[in-house]
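Student: Sequence:
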Amino acid sequence: ESLQLLLGDPENAFVRLSKETFTAAQFGQSTELLSTWQDGEKYGFQYLVSVETKKGPVCIHCWSTVALRNSERSSSELYTMTLVVPEQMLTSENRQIFDQVWHSFELE
Numbered sequence: 025e026s027l028q029l030l031l032g033d034p035e036n037a038f039v040r041l042s043k044e045t046f047t048a049a050q051f052g053q054s055t056e057l058l059s060t061w062q063d064g065e066k067y068g069f070q071y072l073v074s075v076e077t078k079k080g081p082v083c084i085h086c087w088s089t090v091a092l093r094n095s096e097r098s099s100s101e102l103y104t105m106t107l108v109v110p111e112q113m114l115t116s117e118n119r120q121i122f123d124q125v126w127h128s129f130e131l132e
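Oh and the sequence shown: position 83 is 107 in this note's numbering, straight run, nothing missing.
Hint data in this document are derived by calculation from the structure and do not stem from the laboratory.
Bear in mind the structure is a predicted one, so any value in this text is a computation, not a measurement.
Quick reminder that beta carbons are idealized off the backbone N, C-alpha and C, glycines included.
Treat the hints with caution; some may be incorrect.
[To be verified] Derived pair list, reagent style DSSO-like, types lysine-lysine, alpha-carbon separation capped at 30 Å:
1. K43 <-> K79
2. K78 <-> K43
3. K66 <-> K43
[Stated by the list, open to error] Pair by pair, the computed Cβ-Cβ distance ranges are:
4. L30 <-> K79: 32 to 42 Å
5. K79 <-> S128: 12 to 22 Å
6. Q28 <-> S59: 30 to 40 Å
7. L131 <-> P81: 32 to 42 Å
8. G32 <-> K79: 14 to 24 Å
9. T77 <-> S128: 10 to 20 Å
10. L72 <-> H127: 24 to 34 Å
11. S99 <-> K78: 16 to 26 Å
12. Q28 <-> E130: 31 to 41 Å
13. E111 <-> W61: 19 to 29 Å
14. E101 <-> K78: 31 to 41 Å
15. N36 <-> K79: 16 to 26 Å
16. L29 <-> K79: 42 to 52 Å
17. E35 <-> Y103: 30 to 40 Å
Just need the whole structure built from these sequences, with the hints factored in.
Tutor: What follows is the structure, given as structure tokens:
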């Protein structure tokens, strides 16, 4: 099984995963996809999540990676890693760190 067969291309995978796991519209959240990448059986997504709160809207910057591990003993396993930071706290320095961590996700 491949990530492409399971979720489609990175953009379609984001649409599906954002509905099922990353955000929940029923909680007043919405997403905006900023970028995607693919590296073999890994997809990366950079996106914004907007959340309505009692104090007004909050924007959260997110980086997610999904990876598929094919197992000889069982069905394939999907792993995710998501990094989040409030958009207002994002600096060029910590953006670079988040970007490095985002791309470094590996399954052992």
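Student: Work down the list of hints and note, for each, if the structure agrees.
Tutor: Hint-by-hint comparison with the structure:
1. K43 <-> K79: 25 Å, holds
2. K78 <-> K43: 23 Å, holds
3. K66 <-> K43: With a Cα-Cα distance of about 19 Å, the restraint between K66 and K43 holds, given a limit of 30 Å.
4. L30 <-> K79: 32 to 42 Å: 39 Å, holds
5. K79 <-> S128: 12 to 22 Å: Distance hint for K79, S128 is violated at roughly 34 Å.
6. Q28 <-> S59: 30 to 40 Å: 19 Å, violated
7. L131 <-> P81: 32 to 42 Å: 36 Å, holds
8. G32 <-> K79: 14 to 24 Å: 37 Å, violated
9. T77 <-> S128: 10 to 20 Å: Once the Cβ atoms are compared, 32 Å apart, the range 10 to 20 Å for S128 and T77 is violated.
10. L72 <-> H127: 24 to 34 Å: 19 Å, violated
11. S99 <-> K78: 16 to 26 Å: 43 Å, violated
12. Q28 <-> E130: 31 to 41 Å: Distance hint for Q28, E130 is violated at roughly 19 Å.
13. E111 <-> W61: 19 to 29 Å: Given a distance of about 21 Å, which is inside 19 to 29 Å, the answer is holds.
14. E101 <-> K78: 31 to 41 Å: With a Cβ separation near 39 Å, E101 and K78 satisfy 31 to 41 Å, so the hint holds.
15. N36 <-> K79: 16 to 26 Å: 35 Å, violated
16. L29 <-> K79: 42 to 52 Å: With a Cβ separation near 43 Å, L29 and K79 satisfy 42 to 52 Å, so the hint holds.
17. E35 <-> Y103: 30 to 40 Å: Roughly 20 Å apart at Cβ, these two residues miss the hinted range, so it is violated.
The structure is inconsistent with the numbered hints 5, 6, 8, 9, 10, 11, 12, 15 and 17, although it conforms to all the rest.
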